[in-house]
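Number of protein chains: 2
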Amino acid sequence: MSDFKVIEIKKSVFENNDREADRLRAKLKEDKTFLLNLMSSPGSGKTTTLKGTIARLKDEYKIGVMEADIDSDVDAKTISETGAKAIQLHTGGMCHLDAGMTEQGLDSIDANEFDFVILENVGNLVCPAEFDTGASKNAMILSVPEGDDKPLKYPLMFTICDCVLINKIDTKSVFDFDDEAVVERIHKLNPKAEIFFISAKTGEGVDKWCDWLRKEIDEWNK
Amino acid sequence: MSDFKVIEIKKSVFENNDREADRLRAKLKEDKTFLLNLMSSPGSGKTTTLKGTIARLKDEYKIGVMEADIDSDVDAKTISETGAKAIQLHTGGMCHLDAGMTEQGLDSIDANEFDFVILENVGNLVCPAEFDTGASKNAMILSVPEGDDKPLKYPLMFTICDCVLINKIDTKSVFDFDDEAVVERIHKLNPKAEIFFISAKTGEGVDKWCDWLRKEIDEWNK
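From first to last, the protein sequence lines are chains E and X. Heads up: the first sequence begins at 1 in our numbering, then just goes up one per residue. Heads up: the second sequence begins at 1 in our numbering, then just goes up one per residue.
Do not take every clue at face value.
Remember, identical chains collapse to one label, so a pair may be satisfied in a single copy or spanning two.
Unchecked claim - Derived EDC-like pairs: lysine to aspartate or glutamate, alpha-carbon spacing no greater than 20 Å straight-line:
| id | residue 1 | residue 2 |
| --- | --- | --- |
| 1 | K51 | D149 |
| 2 | K201 | D149 |
| 3 | K51 | D176 |
| 4 | K58 | E81 |
Quick caveat, the hints were computed from the structure, so don't treat them as lab data. Keep in mind that this is a model prediction, so the values were computed, not measured.
Only chain E is shown next, with the shape it has when bound in the complex (with noise of 0.2 Å):
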C-alpha cells in the first residue's frame, strides 16, 4: 500500500547557504543520521536504483526517502510501495534544493527518527552540482544511453560528488559507451570518487553499491 505525505518547499531565506549546510550537517551528524543526496539526469534510473538499494538494506537501518520534484508525486508512490517511509518533496519549479530546503524536508519526514536519509533531487545535472544541501554524502547516477562524453560537459557534478553509478550497464549492447573513457574522465576531475557499474533493472553491481553504503552509514553513526 502507498501512502506518503507531499511537501510544498519554500524558497529558504538563508543568505549563506555552506553555512547552512555545514550546520546541518552537524545536526545530522549528532542524530546519527546519514543524509545521502542523489542526483543525476531526467531518466536516469535514481528511483530503479532506490527501490533495489532499500531492498538490500530495509532490514539493516531505519530507511527514510524524500523525493524531490517540481510537480509530480510518481517516485514517492513507487518508492513507498517498499515499504521504506517517503515523502514527496515539490520544489514549486525550482530546480535543486539548498540546505535550508533539504531541512524543511526532513522536518516533515522527523528525519532523526532514520539511520538512512536519502534525498532524490531534482531530475538535473547543472543547478543540483551547486548547492550543498548538508548531505553526509553526495552521489550521482550517470546512465549508460546518456553517454561517456558526460564528465566533459558537466564538470561540476562529477568533481563533488563521493560516488557515481554507471547504470543501464544490461543496454550496452545498443549504445557506444567506453567504460575505461568515463572512469579516465571522472578521476581526472575527483581521484577519490568511487565508481560502481550497475544495472538497476537486473540488479548487477547493486551489492557492491551497497556494500560501499554500508561502510559510509556504520562510520557516520557510530
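Following the hints, position chain X against chain E.
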C-alpha cells in the same frame, strides 16, 4: 576540418525577459532568420539529431549553430565538422539561456547572414523551459531510455515546446517505453504539439522532422 569560436556569455542586464524575447523575435522575423531553440536532458541526442538535420537541409538553407554548454567545446567541434557554421557559447555555470544571452550568441555568429539558426540549449529539462529565448519555435528531444513518464515530471518543458522529438527508437527492445502513453501525456499538456518518433543514429523518422522544419522555416522567412 573543424573551426569555431568560443564565446563567453555574460549575465543579461534586462529586467523583463519576456519583453526582450519579443523584441528579439521581431528582429529575427525582419532579418528572415528562423531561430530554433532545441532543448533536452543531457545525453538525449541533441547533437546527433542536429548532424542528421543539417545533412538534410544544408543545400537548401544557410545554417548556423550555437552550442550552449557550461564548459566544454565537444558539441561545437562535432557540428563544425558537418560544414555548418558553429560557435560554442559558454554560460559560465548558468543553467539556461535567456533572450539577452541568446542575442549575444546571435551577434557573435552574425545571425542575419543565416536563414536558419539553431540554439542547442544547456542539457536540462527544468530551467531552460522558464526562459523565452526569443526563438521562432521551441523543440525538445525526449529519448526512449529516459522513460515515458517524463511529461508528468517536467510538465512545463512539454507545454512550451512546439515540437517534441522522441529519439533513440532503435533502442526500444531494451526499454519499456509506451508510445501511446507518451503521446497522450504530451497532448494532455499541449494539444498542438507536433510529435515525431526518430532515431538520430539510424536516420529513421528524421525526414519527417525535416519536412516540419522546412514548412516552419519557409513560413517564417517568406
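Consistency of the hints with the structure:
1. Proximity of K51 and D149 under a CA criterion of 20 Å is satisfied inter-copy only: 17 Å between copies versus 27 Å inside one chain copy.
2. Only between protomers do K201 and D149 lie at most 20 Å apart by alpha-carbon distance; the minimum there is 17 Å, versus 23 Å within a single protomer.
3. Taking CA atoms no more than 20 Å apart as the test, K51 paired with D176 passes between copies only; the shortest distance there is 17 Å, against 27 Å inside one copy.
4. With identical chains, the CA atoms of K58 and E81 are at most 20 Å apart within one copy only, with a shortest distance of 13 Å there and 51 Å across copies.
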